[in-house]
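Novice: With the sequences and hints as input, model every part of the structure.
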Amino acid sequence: MSFFFDPFVTFGSPSWLSTLITSALIVPFLLSEPAASATGVTSDTSDLSALLSIRAHLNPFTSLSSWDSHNSSIPFCQWPGVTCGSRKNPGRVTALNLANLGLTGSVSSDIGNLTFLRSLNLSFNNLQGQLPPELGRLSHLELLVLSQNSLEGRIPGTLANCSSLWRISLGSNRLAGEIPAELGALPKLQILSLHYNDIGGRIPASLGNLSSITHIDLVGNRLAGTIPPSLGRLQSLVHISVTRNSLTGAIPVSIFNMSSLSYLYVGYNQLSGTLPPDMGNTLVSLEVLQAFGNILEGPLPISLPNASMLRQIVLPYNRLSGPLPPDIGKLRYLSSLNLRANELEARKSEDWEFFTSLANCSNLQTLDLEYNKLEGPLPSTIVNLSTQLTWLGLGGNEVHGSIPEGIGRFIHLERLHLDQMALTGHVPAAVGKLRNLHVLSLDDNQLSGVLPSAVGNLTQLENLYLNGNGLQGEIPKSFGNLRQLTVCDLSFNKLEGRIPVELTDLTSLTRYLNLSRNLLTGPLPAEVGSFKNLEALDISKNRLSGEIPSTIGECQVLQYLYLQGNHLEGSIPDSLSSLTGIQVLDLSCNNLSGHIPLSFERLEHVRFLNISFNDLQGQVPNEGVFRNANVYSVTGNNKLCGGIRALHLQPCPGHLPGKDGSPAVRSLVSIVITVTLFVLSLAAASYLLHRQRTRKCMPVNVVFFTVSWTARGRANVTHRWAP
1 MSFFFDPFVT
11 FGSPSWLSTL
21 ITSALIVPFL
31 LSEPAASATG
41 VTSDTSDLSA
51 LLSIRAHLNP
61 FTSLSSWDSH
71 NSSIPFCQWP
81 GVTCGSRKNP
91 GRVTALNLAN
101 LGLTGSVSSD
111 IGNLTFLRSL
121 NLSFNNLQGQ
131 LPPELGRLSH
141 LELLVLSQNS
151 LEGRIPGTLA
161 NCSSLWRISL
171 GSNRLAGEIP
181 AELGALPKLQ
191 ILSLHYNDIG
201 GRIPASLGNL
211 SSITHIDLVG
221 NRLAGTIPPS
231 LGRLQSLVHI
241 SVTRNSLTGA
251 IPVSIFNMSS
261 LSYLYVGYNQ
271 LSGTLPPDMG
281 NTLVSLEVLQ
291 AFGNILEGPL
301 PISLPNASML
311 RQIVLPYNRL
321 SGPLPPDIGK
331 LRYLSSLNLR
341 ANELEARKSE
351 DWEFFTSLAN
361 CSNLQTLDLE
371 YNKLEGPLPS
381 TIVNLSTQLT
391 WLGLGGNEVH
401 GSIPEGIGRF
411 IHLERLHLDQ
421 MALTGHVPAA
431 VGKLRNLHVL
441 SLDDNQLSGV
451 LPSAVGNLTQ
461 LENLYLNGNG
471 LQGEIPKSFG
481 NLRQLTVCDL
491 SFNKLEGRIP
501 VELTDLTSLT
511 RYLNLSRNLL
521 TGPLPAEVGS
531 FKNLEALDIS
541 KNRLSGEIPS
551 TIGECQVLQY
561 LYLQGNHLEG
571 SIPDSLSSLT
581 GIQVLDLSCN
591 NLSGHIPLSF
601 ERLEHVRFLN
611 ISFNDLQGQV
621 PNEGVFRNAN
631 VYSVTGNNKL
641 CGGIRALHLQ
651 PCPGHLPGKD
661 GSPAVRSLVS
671 IVITVTLFVL
681 SLAAASYLLH
691 RQRTRKCMPV
701 NVVFFTVSWT
711 ARGRANVTHR
721 WAP
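If you use my numbering, the sequence shown corresponds to residues 1 to 723, in order.
Just so you know, these hints were derived from the structure itself, not from any lab.
Accuracy of the hints is not assured; some may be wrong.
Here are the simulated EDC-like cross-link-like pairs (lysine to aspartate or glutamate), alpha carbons at most 20 Å apart as the crow flies [to be verified]:
1. Lys-373 x Asp-444
2. Lys-477 x Glu-496
3. Lys-348 x Glu-398
4. Lys-330 x Glu-287
5. Lys-373 x Asp-351
6. Lys-373 x Glu-353
Specialist: In structure tokens form, the structure reads like this:
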């Protein structure tokens, strides 16, 4: 399981489960066929030739160094990975297990000459090439495990000749083509695992003839079309996974009538339609229902709580609507309820009965109802939920009220999402009891009051979102204890005072630190240079003063730096040109003076450089980034001159074009122009000063942070441009 709960990964086809099944099935088989003794056995020469051909197609040879026909002291039945029969077929190879040996190369077609082979396991190597059609000659083959390689090409339809096959595991390769319809003729097949390949086409309806099948795993391919209704005939089927394909249409009604089905994974497709209202009565063995990322609509079946074995309901990113079943708390084994990003409703008080009912689910670990249409006050019964909760999400709903102190009960909580609602009141100090918290998201509410210093107790915190509230007071110095923090957003509040030095000690900050749109004062700490791995720093729209510390040039990874809209003064430090990866640098709307550093010409990756509305003077460089007027702005600096023609600035004194090149003439012209400009500047000084003081300083371009979530719950930051 991923570090954070992840409905998109956790409920797929875990590799550990595949490995466990492989071990459980192969080991007893090998024990039932002990290797032939070194004496008293007549070896079959065709098997020896086949083994030598197999070795010749594989590398490195060191893993199979004892596979040597010239070493007569070790019969091939005792070679590593080789098992021979000892009763009915002495001296004939019955099992070949070369798993996890770091082998490269390909599968020799001569493997089809091991005609008594019952088990073939070449998994967890780096084999390439195609599967030889000669595999179809292995009429006794029961176990075919070639997963976790780099095999290509089509699955040979000749496998249908292996009538004894009960397991085919070809997952995590590069197989293409379609699933052979001939596989539907394998009478004993119980496990078909083809996950994470490049297989396209449709799911063959013939798979509905596999009367012995218990597991079908087709996750992560390019399968299209509909799910065949014929699969509903598989009365032994326990597990079906078709997640991450391009399947369309409705889930066949016949699937919902399979009393044996325990695991239904159909997420990340384009499936439509509704869930049958009586599915809770027919899927009596269902433990996992996973159908995220489709276009399912309609209500949650009222009968769903009757599927008493249900542990996980994972249906986010659909179009489900209506209220939740009020008695969903009957599911006593329920550990995960993820209905994020649907259109589920709770408009009346009785619509919230499901929430009170969930208090009966003592095993509940994940409750995610974000981005639905839930309305009304935050239920007081929230504090009665299971203390086993690791994920609690209600954000993006029209919920109001205050965060109760009882939130501190959830000591196992790793993610708390109560963002984008209408919550009021203070951030409770009890939040500091959630010492396992990795993500705290309370942004875009109406919270007020001071930030409790207890937040500094969350030493496991990685992502902190408190932006878009009315929080006041100073940033607690205890934030310096958040040594795992990678994202911190305190923007759009009313925070005051200086930026604490303790905050700059957080070298763990790698994604972004956003303190913009507050009332912060004082200088930008020189310790800001400690952010060696920070990608984005936004301290714009505050009341910071003093000079820009030269140490900021030590932030070598920095791509976005926003310092606009403060009272910063002094010259622009030349060290900013050391930010070789900078894409956006905004120093506009300050009181900066002096010249534009010539070294800025070297900022090769800049998408936009904004130094407008300051008090800069002298010549604008015209090389490097300054050749393209579309990627920088110097507007509002009335003492600047020169630059490229597109800027329409006055020529700099001493750089006038003309044919008279005598020093005396140039000197006289220079003096006249200087005096004239001085007089004109005095005449306009009061007017310009008054205009600049009353004018609202507006940046030429604005860049908005956009935060999305990766599959493993990590914050993914992008930037959206707006004029």
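Novice: Work down the list of hints and note, for each, if the structure agrees.
Specialist: Taking the hints in turn, this is what the structure says about them:
Between Lys-373 and Asp-444 the CA atoms are separated by roughly 17 Å; this keeps the pair inside 20 Å, and the hint holds. Between Lys-477 and Glu-496 the CA atoms are separated by roughly 13 Å; this keeps the pair inside 20 Å, and the hint holds. Note on Lys-348 and Glu-398: the hinted pairing holds, with a Cα-Cα distance of about 13 Å set against a maximum of 20 Å. Between Lys-330 and Glu-287, the direct Cα distance comes to roughly 14 Å. Compliance with the 20 Å bound is thereby established for this hinted pair.
Between Lys-373 and Asp-351 the alpha-carbon distance is near 11 Å, which keeps this suggested pair within the 20 Å criterion. Of the pairs offered as hints, the one joining Lys-373 and Glu-353 holds, with about 15 Å between alpha carbons and a cut-off of 20 Å not exceeded.
Consistency with the previously given hints is maintained throughout, with no hint failing.
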